[in-house]
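There are 2 protein chains.
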Amino acid sequence: MKLATYKDGSRDGQLVVVSRDLSTAHHANGIAGRLQQVLDDWNFLSPQLQDLYETLNQGKARHAFAFEPAQCMAPLPRACQWADGSAYLNHVELVRKARGAEVPESFYTDPLMYQGGSDDLLGPCDDIVVPSEKMGIDFESEVAVITGDLPMGVSPDAAIDGIRLLMLANDVSLRHLIPAELAKGFGFLQSKPATAFSPVAVTPDELGTAWQGGRVHLTLQTQWNGRKVGLCEAGPEMTFHFGQLIAHLATTRRVRAGSIVGSGTVSNKDWSRGYSCIAEKRAIETIESGAPVTEFMRYGDTVRIEMKGSDGQSVFGAIEQTVAAPG
Amino acid sequence: MKLATYKDGSRDGQLVVVSRDLSTAHHANGIAGRLQQVLDDWNFLSPQLQDLYETLNQGKARHAFAFEPAQCMAPLPRACQWADGSAYLNHVELVRKARGAEVPESFYTDPLMYQGGSDDLLGPCDDIVVPSEKMGIDFESEVAVITGDLPMGVSPDAAIDGIRLLMLANDVSLRHLIPAELAKGFGFLQSKPATAFSPVAVTPDELGTAWQGGRVHLTLQTQWNGRKVGLCEAGPEMTFHFGQLIAHLATTRRVRAGSIVGSGTVSNKDWSRGYSCIAEKRAIETIESGAPVTEFMRYGDTVRIEMKGSDGQSVFGAIEQTVAAPG
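Chains S and C, in that order, give the protein sequences.
Residue numbers for the first sequence, in the working numbering: 2 to 328.
Residue numbers for the second sequence, in the working numbering: 2 to 328.
Think of the hints as simulated: they come from the structure by calculation, not from any bench.
The reader is advised that the hints may include incorrect statements.
Copies of the same chain look alike in the list, so a pair counts if it works inside one copy or between any two.
In silico DMTMM-like pairs for lysine to aspartate or glutamate, Cα to Cα no more than 20 Å straight-line [to be verified]:
no. : residue 1 : residue 2
1   : Lys-270   : Glu-296
2   : Lys-98    : Glu-238
3   : Lys-8     : Asp-150
4   : Lys-270   : Glu-234
5   : Lys-8     : Asp-158
6   : Lys-8     : Asp-162
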């Protein structure tokens with residue numbers, strides 16, 4: 002099934018069930034008002050939502066209305082956890098190669114992951130508000146999952162079974178803040194402003210055979226200012242699958258329902274597929290010609306991130322954001 | 002006023018108002034069921050809780066019961082954000098000196114802060130469950146605040162005004178996992194398991210004149226296995242006050258109500274005051290005699306963290322945890 006959170010003036014929004022083709026939606030308020038409620042009590046509430054979803058898909062839901070992605074908050078407008086992996090090693094290899102650094106051998110067995118802020122997650126059409134254009138504003142097109150409760154030490158396979166929903170994410174990064182921040186040794190903080198998510202979150206069964214071994218075998222499309230810049234395959238080159246990423250996170254602590262785990266920038270070895278973040282384009286330029294040419298985003302720039310199923314239909318709806326100055 | 006969250010089998014627990022002397026409590030369920038609700042609507046709900054608090058302190062609350070810290074969850078059992086500073090530069094200086102490293106000049110003007118996980122925050126008497134005793138289990142006695150909504154770019158002074166509640170925290174660290182994790186460049190993840198918080202969270206006015214300029218001018222007491230190991234002054238040597246820490250976090254994003262911001266390990270230049278984490282004791286031993294002598298915590302070890310007001314009364318109640326193996 003497909004779920005979204007509609008803006009209603011509240012902090013957590015209003016849960017709606019969305020039809021498979023993203024054309025119609027229906028309030029879920031007879032079942033649950035907020036998505037976190039559903040995640041807290043998944044086994045009881047999700048079958049009821051699934052029933053409503055099927056009725057909606059059959060065109061029989063009595064109070065269905067036209068689905069508008071612009072009315073969406075993030076599926077979870079605030080979450081108890083947002084941890085983002087960097088599971089496409091090709092991305093890491095490129096960025097490091099551009100600055101003449103090696104990829105440590107351990108990176109192929111021990112996932113990179115950072116803890117992100119989750120108090121202010123953006124809807125798919127919310128502006129990317131950044132205090133200065135000089136900060137190196139970049140998008141990062143990613144796949145992300147929302148988990149149920151998982152115990153400390155969960156195995157990668159069991160962690161796959163604990164995935165409740167999938168989404169797309171735009172993990173906005175402020176590239177010029179990263180070197181100084183990482184040099185301090187405590188990870189990202191100011192260099193990772195609010196992350197945006199796709200209009201809908203979908204259960205793994207919606208992906209059919211494209212969901213295999215904890216990976217999404219579909220193409221992630223990225224447009225920058227209306228120009229297609231990335232058509233990257235999200236499946237085969239994901240070095241660590243989502244079960245491995247979650248298990249990494251759960252090594253020394255439980256992972257609680259509603260935790261969001263991201264894949265990191267989707268990246269392919271075949272450069273003709275383009276890029277899912279500008280930093281990677283600049284890395285390729287540096288490798289090819291010694292210096293980056295492409296500039297980062299400016300105020301007014303737009304980014305569009307979408308993934309289509311094997312039937313050509315948008316699976317999650319599109320993230321469509323504009324970069325803006327504060328207030 | 003003083004607020005706590007009682008265990009009731011639910012994920013977010015039951016909000017209770019606690020008397021100033023921590024002897025009695027009263028359910029707040031006529032006003033709000035959960036602390037996050039109060040933070041979401043502070044101006045409307047907090048005066049109602051304050052009224053109940055005053056009635057409780059006068060011994061006139063009709064359904065008061067004996068307050069039991071062991072029944073407490075963390076004041077926010079899960080939060081939308083947990084960001085922990087390292088505001089006592091003496092701690093950073095000691096740890097670096099022990100390994101022969103300099104403290105960069107920028108550390109005195111640009112706060113260190115890491116983004117922590119907030120899906121599973123522990124109650125004051127919950128066990129510290131760690132998969133292996135060999136991970137270098139350490140406590141970190143800290144002060145922490147819970148904020149209201151703050152805009153991007155908030156000033157340090159305005160950020161102080163945005164502090165709703167204060168707590169104590171035990172930011173448990175797995176020291177032997179830190180070097181490899183920080184070498185990866187993405188900050189702490191596995192090396193920071195679930196953090197525990199004091200039984201009660203208190204509004205700043207409860208601290209009286211001890212709350213000055215965004216700092217708590219009281220003594221933080223730490224006992225390890227029943228032995229007093231730290232009597233550290235939390236006020237004067239806090240290089241960055243809480244307003245500065247919050248403003249640092251809010252540089253490139255909004256900070257939403259219910260965000261928790263920590264001070265980092267409280268640390269004093271006068272070594273006779275003891276320590277608030279074992280790593281610091283080991284650093285001092287290394288500086289004095291070339292090698293650490295004190296071992297980290299083992300299964301069965303206990304830690305107790307408490308802060309008393311100028312009247313000698315416990316302000317927040319005590320964190321009292323035992324280290325344990327997984328279930």
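field: Index of numbered hints that the structure contradicts, given in increasing order
entry: 1, 5 and 6
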